[in-house]
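So you can see what is in the structure, the chains are spelled out below.
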Amino acid sequence: MRRHHDMGGLDAGPVDPAEHDYTPWEKRVDAIVRLLAGKERRLITLDEHRRAMEDLGPGAYDELSYYERWISAITNILIEKGVISVEELGGKMEAVKARWQEARE
Amino acid sequence: MSARFIVGDRVRVRQAYPPGHVRTPYYVRGKEGVVSRMIAEHPNPEERAYGRDGLPPVPVYRVLFRQNDLWQDYQGPEGDTTELDIQEHWLGPLEEDGE
Amino acid sequence: MSETHSHDDDWPYPHPQQPDIEDGPLTDLMIMTDAVAELLIDKEVFSADDMRRTLEAIDSKSPAEGARMVAHAWLDPDFKARMLEDVNAAAEEMSIDAGTIPILAVENTKDIHNVIVCTLCSCYPKYLLGLPPDWYKSRAYRSRLVREPRAVLKEFGTEIPDDVEVRVHDSTAELRYMILPMRPKGTEDMDEEALAGLVTRDCMIGVTVIDRD
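Protein chains in written order, with this note's numbering: chain A, 346 to 450; chain B, 5 to 103; chain C, 30 to 242.
If you are wondering where the hints come from, they were derived from the structure by calculation, not from laboratory data.
Note that CB positions come from ideal geometry on N, CA and C, so glycine has one too.
Careful, some of the hints might be misleading.
Residues of chain B placed beyond 12 angstroms of chain C at every Cβ, according to the derived structure [claimed, not checked]:
hint, residue
1, S6
2, F9
3, I10
4, Y21
5, V39
6, P49
7, G96
8, L98
Taking lysine-lysine pairs in the DSS-like style, the calculated list, with each CA pair at most 30 angstroms apart, reads [unchecked claim]:
hint, chain 1, residue 1, chain 2, residue 2
9, A, K372, A, K442
10, C, K139, B, K35
11, A, K442, C, K72
12, A, K426, A, K442
13, C, K72, A, K384
14, C, K109, C, K139
15, C, K90, A, K384
16, C, K155, A, K426
17, C, K166, A, K372
18, C, K139, A, K384
19, C, K166, C, K183
20, C, K214, C, K72
21, C, K139, C, K183
22, B, K35, C, K166
23, C, K139, A, K372
24, A, K426, C, K72
25, C, K155, A, K384
26, A, K384, C, K166
27, A, K372, C, K72
28, A, K372, C, K155
29, A, K372, A, K426
30, C, K109, C, K72
31, C, K90, C, K155
32, C, K183, B, K35
33, A, K426, C, K166
Looking at chain A on its own, in the form it has when it is part of the complex (with noise of 0.2 angstroms):
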């Protein structure tokens, strides 16, 4: 009946002022986001991206952070429309970690 991200009026504690400057990846996932979503590519819709960041399910919003969320869904999204494939993807996601591992060493 009510899904999990629809949140407005549940208990909760208290609000943490805390906050942390966001980080390089960080902004990377949004410059992907916009540049998709924006007028010039219109390949996805915010609407789009919302809907595949609340189909991540209830344990998303527990394990994993804000951007994490919003590059899982995107990722989701690109793989739907065959814009990538998986198959490319797990190839291209083991040369950038075979390419971060070199360059700390």
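For this one, chain A is given, so just place chains B and C on it according to the hints.
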């Protein structure tokens, strides 16, 4: 599409709980409020969320609710309110619900 | 290790090819983020340059632009009227890019104190004010503001008298909201720049009021 309500109309939010992507929060469903402002028509986000075009566009209204109508145990003064945007298909006139 | 190392020249970001230190430990979703970005660049959905420009645009936004608009509105009633009608168009008058998502400004008066939230997700006028504070996106703020706004405001040190209506704006659909705060007393001699300096992000969200002792 011409708008069904005008500013000042008393309306009741549909008391419905469909699955899927919905823009009308749970806490206002079935509640009564007053149309406070007309918002331009917009493609229906509940359709666009699934990759459809959401056309024809739907009139969107700002609706003002008394906190005391939203929450039985509201702790603040009588005059406090909440205002939000609601799409026309989520609204009905007050009478329809047997008021 | 995979043999699909991508070409150094295509690296879309101005920084070295390693996780930024402030990103902390490398997570799978951070790896996925860069993998997705690189794939989209490979497929020419957007270019590395588009990415760089977008990151710059994100960094260029801050509450300062909203503050300038508020100060201008305090000094120019005609501008204020236009801003209350259409923030995006009013921003353009001041050469400020407020983006394409319509923003509505709501005015605090001696009778009404306004405050914004998005209970369904985290809608925020970020194309004007920059990225929102963490608490704005938190479960506590999103859950409680609509039901006990005065208690939440008190946690921010804001007490609204009982004869002032507290009006919560839930950004659920197509619009984004910002608050046009009240100009504090005793500022009659201040110029626009000094006035803008009084306007904080939090008072444009509505969790605080401008307090000048």
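How the hints compare with the structure:
no., hint, in the structure
1, S6, "19 angstroms, holds"
2, F9, "16 angstroms, holds"
3, I10, "18 angstroms, holds"
4, Y21, "15 angstroms, holds"
5, V39, "14 angstroms, holds"
6, P49, "7 angstroms, violated"
7, G96, "18 angstroms, holds"
8, L98, "21 angstroms, holds"
9, A:K372 x A:K442, "19 angstroms, holds"
10, C:K139 x B:K35, "28 angstroms, holds"
11, A:K442 x C:K72, "20 angstroms, holds"
12, A:K426 x A:K442, "25 angstroms, holds"
13, C:K72 x A:K384, "19 angstroms, holds"
14, C:K109 x C:K139, "17 angstroms, holds"
15, C:K90 x A:K384, "19 angstroms, holds"
16, C:K155 x A:K426, "27 angstroms, holds"
17, C:K166 x A:K372, "16 angstroms, holds"
18, C:K139 x A:K384, "40 angstroms, violated"
19, C:K166 x C:K183, "18 angstroms, holds"
20, C:K214 x C:K72, "57 angstroms, violated"
21, C:K139 x C:K183, "18 angstroms, holds"
22, B:K35 x C:K166, "26 angstroms, holds"
23, C:K139 x A:K372, "38 angstroms, violated"
24, A:K426 x C:K72, "14 angstroms, holds"
25, C:K155 x A:K384, "17 angstroms, holds"
26, A:K384 x C:K166, "25 angstroms, holds"
27, A:K372 x C:K72, "21 angstroms, holds"
28, A:K372 x C:K155, "12 angstroms, holds"
29, A:K372 x A:K426, "24 angstroms, holds"
30, C:K109 x C:K72, "45 angstroms, violated"
31, C:K90 x C:K155, "8 angstroms, holds"
32, C:K183 x B:K35, "27 angstroms, holds"
33, A:K426 x C:K166, "28 angstroms, holds"
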